[in-house]
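A.B. asks: Fit chain A with the ligand to the known structure of chain R by using the hints.
Line by line, the protein sequences are chains R and A.
For the record, in the first sequence the residue sitting at position 26 is 26 according to the numbering used here, with numbers rising by one throughout.
Take the position in the second sequence, starting the count at 1, then add 1000; the result is the number in the numbering used here.
Just so you have them, the derived chain R footprint on chain A, three or more residues with Cβ under 8 Å:
id : segment
1  : 1099-1106
2  : 1212-1219
Not everything, but these chain A residues come out facing chain R in the computed CB check (under 10 Å):
id : residue
3  : Arg1231
4  : Glu1236
5  : Gly1237
6  : Val1238
7  : Ala1239
8  : Ala1244
9  : Pro1287
From the derived model, a few chain A residues whose C-beta atoms are all more than 10 Å from chain R:
id : residue
10 : Glu1013
11 : Ala1038
12 : Asn1065
13 : Thr1138
14 : Ala1140
15 : Gly1151
16 : Asp1184
17 : Asp1228
In case anyone wonders, no lab produced these hints; they're calculated from the structure.
Keep in mind it's a predicted model, so treat the numbers as computed, not measured.
Glycine residues also receive a C-beta, built at the ideal position from the N, C-alpha and C atoms.
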Amino acid sequence: MTFRKFVILTAVGGIAIAGAAYAEVHKPIIGQKNKVFSLQEVNMPQGATIRVENDDNIVHTLLITKPDGIRSDLGLQKPGEQLDITLEQLGDYMVRCGIHPAMKMVVHTR
Amino acid sequence: MACAARAEPTQAELQAMKASYERPKVVPFPKNNPFSPAKLALGQQLFYDTRLSGNGAMSCASCHNQPHAWGDGLPTGVGSKGNRLGRRSPTILNLAWAELLFWDGRADTLEDQALGPIQNPDEMNQTLPALVADLNKTPAYKKAFAAAFPGEAIAPDTIAKAIATFERTVVSGTAPFDRWIEGDESAIDASAKRGFVVFNTTGHCAACHSSWRFTDDSFQDIGMRSSDKGRGAVIEGVAQLSFAFKTPGLRNVAERAPYMHDGSIATLDDVVAHYVDGFVRRPSLSPEIHILPLTERDRADLVAFLKTLSSPDSKASGPNLSTGDKKS
Ligand SMILES: [Cu+2]
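Isolated chain R (complex conformation) (with noise of 0.2 Å):
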């Protein structure tokens, strides 16, 4: 089994904003290089906004499972492309690539 290193991205910073505001301000943006995501733990507010980027050479698409289940797919990224993910919803998303699902991250929304 590999062992991925789990980098925690803390949103808030123990300060409250409102997740509107704060998305604005910050949206972090997830990369893609070399088939694993830049994060593949994240913590955000809800209604904040990630942004993925596909800063790899290959093609990827996005498939979210909400925290009620329901899946979206936001279709192909090609090299060079950025995709936002509003995170309307309290609770995890799961972020993986249709092409290459071993690319995978978890979204915590609070």
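C.D. replies: Same frame as chain R, now just chain A with the ligand:
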């Protein structure tokens, strides 16, 4: 035979290549379905039980059978009514580490997958209420479920969890290749050792068949002549996924011909010939597939190498519970 143009790897390069193929020491189990010996025993019993089929004639093991390296040795599966299925029965080896299941990745977990074939009219053609009623009538099962899931009912959810637990213990055993990786130079012959280098360099195989399981779990169009859209029918609008199928692991691969999602390639020699220049060119073809400059000797070496991935357990006749550490 002319010498291949490729340079031999240095000792350090070879060591680096070998390092990524070391076997894991433990089998991973998910937090929401942890391992227990009672669950394993129940799951194994269910896997081999023909009660799971509508006409009582078929179990999971009919199509995922250990002597065929947990496949069925047929080009495509055959359902309980003698009907041909559209795809080949894949091995269930090493799925504890898998990402998505089925040739097209339509199931997320083994728990999600397990109830599919039971209810599929073309496969086992059983209903879940009938199965639950049947299990409830059987004292041995009432006891086994009570031991595996104390306080829970016999239900689709617990059936799926037990089967998934058994499947996670189906791990390929130590193969000659593993003994070579561990340092036994006599475990595989010179041809297989050269084949390993071809696999990782000029053959470009490790671009997809990476890690000790020999898969990166990705979906790729390798140019098979089949009209099945594979993952392209699950995720629409992504051109690269047309005709894309899950990259199979290659453990015990020599024991489970014929090959590919449609069983259309009979031998490993023919598989290698496909990759050299036998693939269909089309827009969805994986960028990792291109004509390979392999000599006759390179091809023979590749096949010799693939044969060293077979562990003795793949031919045993009973369930394989001896390998792997069952703790998570
Ligand atoms: Cu990808």
